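Participant: Each chain, letter by letter, is given below.
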Amino acid sequence: MTQEILPPLSASVHVKPASWRFGLRLWVPLFLLWLLLIPLLILALPLLFIASLVFRFSLWRSLRAANGVLAATRGSQVEVDNRNTRVFIKLH
Amino acid sequence: MNDNRRQILDMLAQGKINSDEAERLITALERSDVPAARDTSNVKYLRVLVDANDEQEGPTKVNVRVPMQLLRAGVRLTGFIPDRAREQVNEALRKEGISFDINKLTPDNLEEMIEHLRDLSVDVDNERAKVRVFCE
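As they're listed, the protein sequences go chains D and R.
According to our numbering, the stretch in the first sequence is residues 1 to 92, in order.
According to our numbering, the stretch in the second sequence is residues 1 to 136, in order.
None of these hints come from the bench; they were simulated from the model.
Honestly, I wouldn't trust all of these hints.
Stated by the list, open to error - With a Cα cut of at most 25 Å, we get these calculated SDA-like pairs of lysine to any residue:
id, chain 1, residue 1, chain 2, residue 2
1, D, K90, R, F80
2, R, K104, D, A65
3, R, K95, D, V80
4, R, K44, D, P17
5, D, K90, R, K104
6, R, K44, D, K16
7, D, K16, R, N63
8, D, K90, R, C135
9, R, K104, D, K16
10, R, K130, D, L9
11, R, K44, D, L91
12, R, K61, D, P17
13, R, K130, D, L36
14, D, K16, R, V66
15, R, K44, D, S19
16, D, K16, R, S19
17, R, K61, D, A65
18, D, K90, D, Q77
Bear in mind that the values here come from a model prediction, so they are computed numbers and not experimental data.
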């Protein structure tokens, strides 16, 4: 069983409302979002550490679990198609 | 008793092998009898397909693919639920008539469940919607 360790690095988003002639195809670089969030996480680490001592939870385990959930979303796909709109989202 | 084991015992009785050799052979035989570990790695996604026909919205198709890893990660998160909260969840479930103990929800049990999900296919078909849930 292989386990993903990296969160989704990009997302494909296709949107095509029925009124539009052509649909919108977007490639969303999610890795940029993670790069922006890393400094925020580093800044929040002391607060998280204090919270872990007060509420008695393992900070390392919590961060690993949160990363595990994020990483597990890779490969998710949602497609909705009705007469008004067609939406497709896929996490890579 | 299977044929191989009987054959080893016959060889021991006939003096063709000694007791140490028989023991080694039986141990090797038992090792080969152990079924291979359950491989759930080929069950990668839970797929939900909905084909609805709403009077106002018209025909709608929904196709959702959820990675099994997300299910596994979610179960790992249950380890963070405090004991008191677990009891409250169990009690709430009991009140709803669901006899389920979330303490028994462990990654090992989940693998077993995923193993069973491999052959699962749920089809709901009525005049307004068709729903299909399966693993792939």
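Participant: Look at each hint and say if it fits the structure.
Facilitator: Each hint tested on the structure:
Taking the CA atoms of D/K90 and R/F80, the gap is near 29 Å; set against the 25 Å cutoff, the hint is violated. Simply put, R/K104 and D/A65 have alpha-carbon atoms about 19 Å apart, close enough for the 25 Å limit, and the pair holds. A hinted pair counts as satisfied when its Cα atoms are at most 25 Å apart, and R/K95 with D/V80 does not qualify at roughly 36 Å. With a CA separation close to 31 Å, the supplied pair R/K44 and D/P17 exceeds the 25 Å bound.
A hinted pair counts as satisfied when its Cα atoms are at most 25 Å apart, and D/K90 with R/K104 does not qualify at roughly 33 Å. A hinted pair counts as satisfied when its Cα atoms are at most 25 Å apart, and R/K44 with D/K16 does not qualify at roughly 29 Å. For the suggested pair D/K16 and R/N63, the alpha carbons sit about 16 Å apart, so the restraint of at most 25 Å is met. Taking the CA atoms of D/K90 and R/C135, the gap is about 18 Å. The hint holds against a cut of 25 Å.
For the suggested pair R/K104 and D/K16, the alpha carbons sit about 45 Å apart, so the restraint of at most 25 Å is broken. The suggested pairing of R/K130 with D/L9 is violated, with an alpha-carbon distance near 34 Å, which exceeds 25 Å. For a cut-off of 25 Å, the pair hint linking R/K44 to D/L91 stands: about 15 Å separates their Cα positions. A threshold of 25 Å between alpha carbons decides the hint, and for R/K61 with D/P17 the separation of about 15 Å falls inside it, so the pair holds.
Of the pairs offered as hints, the one joining R/K130 and D/L36 is violated, with about 42 Å between alpha carbons and a cut-off of 25 Å exceeded. For a cut-off of 25 Å, the pair hint linking D/K16 to R/V66 stands: about 23 Å separates their Cα positions. Of the supplied pair hints, the one linking R/K44 and D/S19 is violated, its CA atoms being roughly 36 Å apart against a limit of 25 Å. Between D/K16 and R/S19 the alpha-carbon distance is near 76 Å, which puts this suggested pair outside the 25 Å criterion.
Restraint check for R/K61 and D/A65: not satisfied, since their Cα atoms lie roughly 33 Å apart, outside the 25 Å limit. The hinted pair formed by D/K90 and D/Q77 meets the criterion: a straight-line CA distance of about 4 Å does not exceed 25 Å.
Hint violations for this structure: numbers 1, 3, 4, 5, 6, 9, 10, 13, 15, 16, 17, all remaining hints satisfied.
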